[in-house]
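J.: Going by the numbering used here, the sequence shown opens with residue 1, and the numbers climb by one from there.
These are computed hints drawn from the structure, not numbers from a lab. Model, not experiment: these values are computed from the prediction. We treat Cβ as the ideally placed atom computed from N, Cα and C, and that holds for glycine. Just so you know, not all the hints are guaranteed correct.
[To be verified] With beta-carbon atoms standing in for the labels, derived distance ranges: (1) Pro-146 / Arg-174: 20 to 28 angstroms; (2) Gly-199 / His-147: 13 to 21 angstroms; (3) Glu-176 / Ser-132: 22 to 30 angstroms; (4) Ala-206 / Pro-37: 20 to 28 angstroms; (5) Ser-123 / Gly-199: 31 to 39 angstroms; (6) Ile-48 / Ala-179: 13 to 21 angstroms; (7) Arg-183 / Pro-146: 19 to 27 angstroms; (8) Glu-35 / Pro-186: 29 to 37 angstroms; (9) Lys-200 / Thr-165: 15 to 23 angstroms; (10) Gly-157 / Pro-186: 16 to 24 angstroms; (11) Ser-132 / Arg-173: 34 to 42 angstroms; (12) Gly-45 / Ala-179: 46 to 54 angstroms; (13) Glu-176 / Ala-153: 35 to 43 angstroms.
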Amino acid sequence: MFANRAPALVALAIGVGGCATIFSDSTQTLTFTSEPPGAEVMIDGQSIGRTPATITVNKKAFGHPVVTVTLPGYQVRQFVMQKDLNNIALSNSTSLLSWLTDAGTGAVIEYSPSSYYVELMPSGGNRSPGISRLQRRARFVLLAYPHLLRELAGGPGEYTRALETVYEIPEDRRPEFRARLRRAAPSLLETTEAHDFQGKIDALAAADES
Numbered sequence: 001m002f003a004n005r006a007p008a009l010v011a012l013a014i015g016v017g018g019c020a021t022i023f024s025d026s027t028q029t030l031t032f033t034s035e036p037p038g039a040e041v042m043i044d045g046q047s048i049g050r051t052p053a054t055i056t057v058n059k060k061a062f063g064h065p066v067v068t069v070t071l072p073g074y075q076v077r078q079f080v081m082q083k084d085l086n087n088i089a090l091s092n093s094t095s096l097l098s099w100l101t102d103a104g105t106g107a108v109i110e111y112s113p114s115s116y117y118v119e120l121m122p123s124g125g126n127r128s129p130g131i132s133r134l135q136r137r138a139r140f141v142l143l144a145y146p147h148l149l150r151e152l153a154g155g156p157g158e159y160t161r162a163l164e165t166v167y168e169i170p171e172d173r174r175p176e177f178r179a180r181l182r183r184a185a186p187s188l189l190e191t192t193e194a195h196d197f198q199g200k201i202d203a204l205a206a207a208d209e210s
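Working from the sequences, and respecting the hints, build out all of it.
T.: Here you go:
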């Protein structure tokens with residue numbers, strides 16, 4: 001089930017210098033997937049495509065966009081997209097004027113997370129069978145993707161351990177799996193889409209499939 005993440009609370013230091021040049025982008029790429037696929041995705045009532053879908057949206061500085069996911073024969077799923085303040089924009093906002101300029105374009109906010117996985121339930125209240133191993137892996141990677149990238153750059157942590165559990169890597173093979181992750185880190189860190197990242201992880205984990 002999708003869990004909304006609370007927006008980060010950030011203290012802003014307002015300086016006396018700086019310019020009003022907008023440094024960060026006011027658009028963001030978002031990825032939507034669902035089980036089953038083929039569901040229509042709407043943001044604030046406007047259809048943006050069917051899952052799996054990768055789209056570029058204009059950020060909204062105020063308010064929280066509402067996402068609605070529909071598929072005939074399944075219950076409608078709806079959730080509110082959360083936002084974090086964009087660190088790139090904040091580093092550029094050294095004056096009140098520049099911060100207000102960026103805020104007016106949506107450049108100081110970033111939707112978090114940028115990859116959304118939605119599990120659809122059949123209409124009538126009957127629960128679908130438990131998700132498969134492949135579906136469980138896809139859901140985890142889509143939601144944990146940005147955290148896994150950070151750990152690849154800074155060292156293994158809780159998300160790497162969770163990845164090993166989800167992929168059912170035996171305890172005695174985990175050191176070698178982490179070694180493969182380290183060797184593949186340059187390629188993994190270059191990925192810009194969660195789906196591509198998952199494909200590379202699948203290949204690395206294949207050696208440990210029993």
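J.: Indicate, hint by hint, whether the structure satisfies it.
T.: Structure-based check of all given hints:
1. Pro-146 / Arg-174: 20 to 28 angstroms: This hint holds: roughly 22 angstroms between Cβ atoms.
2. Gly-199 / His-147: 13 to 21 angstroms: Hint holds: Cβ distance 18 angstroms, inside 13 to 21 angstroms.
3. Glu-176 / Ser-132: 22 to 30 angstroms: Between Glu-176 and Ser-132, where Cβ atoms are some 26 angstroms apart, the hint holds.
4. Ala-206 / Pro-37: 20 to 28 angstroms: holds, 23 angstroms
5. Ser-123 / Gly-199: 31 to 39 angstroms: For Gly-199 against Ser-123, whose Cβ atoms are near 33 angstroms apart, the range 31 to 39 angstroms holds.
6. Ile-48 / Ala-179: 13 to 21 angstroms: Because 41 angstroms falls outside the window, the suggested range is violated.
7. Arg-183 / Pro-146: 19 to 27 angstroms: Because 21 angstroms falls inside the window, the suggested range holds.
8. Glu-35 / Pro-186: 29 to 37 angstroms: About 31 angstroms separates the Cβ atoms of Glu-35 and Pro-186, which means 29 to 37 angstroms holds.
9. Lys-200 / Thr-165: 15 to 23 angstroms: With Cβ atoms ~19 angstroms apart, the hint holds.
10. Gly-157 / Pro-186: 16 to 24 angstroms: holds, 19 angstroms
11. Ser-132 / Arg-173: 34 to 42 angstroms: violated, 22 angstroms
12. Gly-45 / Ala-179: 46 to 54 angstroms: With a Cβ separation near 49 angstroms, Gly-45 and Ala-179 satisfy 46 to 54 angstroms, so the hint holds.
13. Glu-176 / Ala-153: 35 to 43 angstroms: Check failed, 21 angstroms falls outside 35 to 43 angstroms.
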